[in-house]
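Just so you know, we're using this note's numbering here: the sequence shown kicks off at 6 and counts up by one.
Worth flagging that the hints you see were computed from the coordinates, not collected in a lab. Any given hint might turn out to be false.
To be verified - In silico PhoX-like pairs for lysine-lysine, Cα to Cα no more than 20 angstroms straight-line:
(1) Lys180 - Lys137
(2) Lys180 - Lys222
(3) Lys94 - Lys137
(4) Lys265 - Lys308
Stated by the list, open to error - Pair by pair, the computed Cβ-Cβ distance ranges are:
(5) Pro273 - Ala324: 23 to 29 angstroms
(6) Ala110 - Ser66: 15 to 21 angstroms
(7) Cys347 - Pro327: 28 to 34 angstroms
(8) Pro260 - Pro346: 19 to 25 angstroms
(9) Ser195 - Met362: 45 to 51 angstroms
(10) Gln349 - Ala324: 21 to 27 angstroms
(11) Ser173 - Pro359: 25 to 31 angstroms
(12) Asp136 - Pro359: 54 to 60 angstroms
(13) Asp136 - Gly356: 53 to 59 angstroms
(14) Ala324 - Ser173: 35 to 41 angstroms
(15) Gly261 - Gly313: 48 to 54 angstroms
Think of the CB as a built atom: it goes at the ideal place given N, C-alpha and C, for glycine as much as any other residue.
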Amino acid sequence: MSAKEDLHDQPEDQEIPCDAAKCHHTASPIDECSGPHEPKAGALDYSNEADAIPHLVALLSPDVPSNKQKDTAVALARLALDNPDNQGKVASAGAIPALVALLSAHTPPDVQEAAAYALLQLLSGNPGNQDKVASAGAIPALVALLSASTPPQVQEQAAAAILHVVVSNPGNKDKAASAGAIPALVALLSVHTPPDVQINAIFALAHVCDNPCNQHKVESAGVIPAFVTSMSAGTPPQVQKQAAGALFHLVSSNPGNQGKVASAGAIPALVALLSKHTPPEVQEQAACALLHLVSSNPGNQDKVASAGAIPALVALLSAHTPPDVQKAAVRALANLVDGNPCNQSKVASAGAIPPLMS
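Kindly produce the complete structure, drawing on both the sequences and the hints.
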């Protein structure tokens with residue numbers, strides 16, 4: 006992927022934005038926002054940006070050939086990329102409704118892809134554009150692009166754009182849920198879906214669902230079982246990592262989900278991800294999900310211990326383990342033994358004390 010954003014170092018009572026820096030106290034709920042590939046496009050001259058933007062926006066109109074619309078959308082995306090001033094200028098020039106119109110089912114897929122990508126770049130790091138994009142009708146249009154009949158590269162851009170339109174925006178989260186985003190995103194968590202699409206779908210789901218008004222839809226749409234399935238053996242590690250991080254997010258933001266996550270079979274799946282054969286970044290996310298699953302929950306403490314988590318976490322205290330993984334393991338062990346004499350004995354018997362003291 007061409008652009009990835011870490012989600013770390015945020016207070017646990019604060020929603021995780023897309024551009025946070027790496028944490029040294031707790032791993033993030035989802036530690037990467039998978040930035041979609043830029044759609045391929047021809048070259049357009051936009052060296053004089055102030056003059057180019059209105060001209061480019063005019064080229065998005067319905068009477069312009071589709072190949073020129075696509076190239077124009079990508080050119081606008083490039084102008085908006087990491088440039089708040091240009092994001093504002095592009096929006097003020099009327100690009101948002103024009104781009105939303107290009108998400109229509111009557112538009113060729115390559116143009117839909119480019120339009121969704123341009124909207125993503127207008128939204129990225131720019132909360133001021135979120136409501137403008139939503140007011141233009143983008144949310145239901147983007148949700149429609151998640152359907153099984155849509156090419157994967159379009160689904161990937163649409164899921165990423167949904168993520169950015171809902172981040173830290175409760176109103177847009179409600180609109181996304183009302184538009185059917187939750188079941189549509191869950192449907193993308195399939196072995197038949199490319200990993201890059203799954204990653205963006207998981208990330209978008211975690212943020213859409215992080216809203217008290219949407220909690221009942223989390224259960225009815227099967228969000229938690231879908232995340233558990235995404236952690237199974239044979240799933241690409243980058244998908245496992247995001248799924249574990251999403252469960253962390255669901256539990257840390259709503260302790261009421263602890264029982265639901267445990268009942269969906271997440272505990273053995275997370276413990277399996279602590280294996281020495283698992284990439285460190287996946288181990289870290291799994292340990293952090295477990296530490297929140299057992300927090301102030303004696304029942305889950307016992308279930309996690311019975312699933313073999315204690316020796317697996319102790320093994321992560323090795324000097325050969327990356328520091329962030331060690332810290333996550335220490336915190337998980339601390340929550341496992343909190344007020345639980347039985348687990349305290351098990352942790353000591355597993356040999357945790359020497360590495361903890363070193």
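Of the hints given before, which are not true for this structure? 11, 15
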